[in-house]
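Q: Listed here are the chains, written in short residue letters.
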Amino acid sequence: KNEVEQSPQNLTAQEGEFITINCSYSVGISALHWLQQHPGGGIVSLFMLSSGKKKHGRLIATINIQEKHSSLHITASHPRDSAVYICAVPGGPDYGGSQGNLIFGKGTKLSVKP
Amino acid sequence: DTEVTQTPKHLVMGMTNKKSLKCEQHMGHRAMYWYKQKAKKPPELMFVYSYEKLSINESVPSRFSPECPNSSLLNLHLHALQPEDSALYLCASSQERTGVHEQYFGPGTRLTVT
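Respectively, the protein sequence lines represent chains Y and S. According to this note's numbering, the stretch in the first sequence is residues 1 to 114, in order. According to this note's numbering, the stretch in the second sequence is residues 1 to 114, in order.
I should point out that these hints are in silico values taken from the structure, not numbers from a laboratory. Do not rely on the hints blindly, as some may be mistaken.
Subject to a maximum C-alpha distance of 27 Å in a straight line, what follows is the list of computed DSSO-like cross-link-like pairs (lysine-lysine) [claimed, not checked]:
1. K1/Y - K36/S
2. K53/Y - K106/Y
3. K109/Y - K9/S
4. K41/S - K109/Y
5. K53/S - K36/S
6. K109/Y - K18/S
7. K53/S - K19/S
8. K41/S - K68/Y
9. K38/S - K106/Y
10. K113/Y - K55/Y
11. K109/Y - K53/Y
12. K1/Y - K9/S
13. K106/Y - K36/S
14. K9/S - K106/Y
15. K53/S - K1/Y
16. K109/Y - K19/S
17. K40/S - K106/Y
Chain Y regions said to be covered by chain S (calculated; three or more residues, Cβ under 8 Å) [stated by the list, open to error]:
18. 58-70
19. 104-113
Ideal Cβ placement from N, Cα and C applies to all residues, glycine included.
Start from the sequences and build out the full structure, keeping to the hints where you can.
A: Right, dumping it as structure tokens:
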């Protein structure tokens, strides 16, 4: 079963700062998911990536498959970016044997102060 | 329409009650998932349906009973729950269970068992 580690667990930033959240995993995967969850709310999928880099607005996600590591960057952070950011990967062959059976990191709680 | 809907948003039930949670998607997805999320913890996979058949049951107690009446609808029937079952219950869907596909999450049902 895949193991997922995220860092940092908590992150406080001033508005406008550049933010990086890291995710590492133990078993090789075909794709990694970055998700966002606002307090008390449901989950929104931000990125699904298999290699290289993806950009959406102020969000950038990168992945290094060989090193089993991914990063989520937020440029020009804003208070509305305050949320929990979760990295998720397929559980691996002992976890239902399907890429759809995700295992989630513990999340990074981001607070952006005005 | 890239939306997964869940009803109700909130549910309070006694330990002797029977209730149901409902999840719906109209994206033509053939895989649907139930997750349980306790406060400040990542989601944990409970059940996976693929083409309306249960394919994964992650050792969930029998007081939780899933049902997939058609390809758009997923129910979770609850009976004789315990207070420790209080949590956010999330539904998700993806195009297929196998292969690499983005998962779309619903807003969740916040369940309180008294």
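Q: Each hint: holds or not?
A: Each hint tested on the structure:
Straight-line distance between C-alpha atoms of K1/Y and K36/S comes to about 19 Å, which keeps the hinted pair within the 27 Å bound. Taking the CA atoms of K53/Y and K106/Y, the gap is near 23 Å; set against the 27 Å cutoff, the hint holds. Taking the CA atoms of K109/Y and K9/S, the gap is about 23 Å. The hint holds against a cut of 27 Å. Distance check on the hinted pair: K41/S and K109/Y sit about 11 Å apart at the alpha-carbon level, within 27 Å; holds.
For the given pair, K53/S sits about 20 Å from K36/S by alpha-carbon distance, which is consistent with the 27 Å threshold. Taking the CA atoms of K109/Y and K18/S, the gap is near 35 Å; set against the 27 Å cutoff, the hint is violated. Of the supplied pair hints, the one linking K53/S and K19/S holds, its CA atoms being roughly 22 Å apart against a limit of 27 Å. Distance hint between K41/S and K68/Y is fulfilled; the C-alpha atoms sit about 23 Å from each other, no more than 27 Å.
Among the hinted pairs, K38/S with K106/Y is consistent with the structure: their alpha-carbon atoms are about 12 Å apart, no more than 27 Å. Between K113/Y and K55/Y the alpha-carbon distance is near 24 Å, which keeps this suggested pair within the 27 Å criterion. Among the hinted pairs, K109/Y with K53/Y is consistent with the structure: their alpha-carbon atoms are about 23 Å apart, no more than 27 Å. The straight-line distance between the Cα atoms of K1/Y and K9/S is roughly 32 Å, outside the 27 Å bound, and the hint therefore fails.
Distance restraint check for K106/Y and K36/S: the Cα-Cα separation of roughly 14 Å lies within the 27 Å cut-off, and the hinted pair is therefore satisfied. Restraint check for K9/S and K106/Y: satisfied, since their Cα atoms lie roughly 24 Å apart, inside the 27 Å limit. Note on K53/S and K1/Y: the hinted pairing holds, with a Cα-Cα distance of about 23 Å set against a maximum of 27 Å. A distance of roughly 33 Å separates the Cα atoms of K109/Y and K19/S; the hinted pair therefore is violated under the 27 Å criterion.
Between K40/S and K106/Y, the direct Cα distance comes to roughly 8 Å. Compliance with the 27 Å bound is thereby established for this hinted pair. Remark: the segment 58-70 of chain Y is not confirmed as covered by chain S, as 0 of its residues place a Cβ nearer than 8 Å to a Cβ of that chain, below the required three. Against chain S, the segment 104-113 of chain Y contributes 4 residues with a C-beta closer than 8 Å to a partner C-beta. That satisfies the three-residue criterion, and the hint holds.
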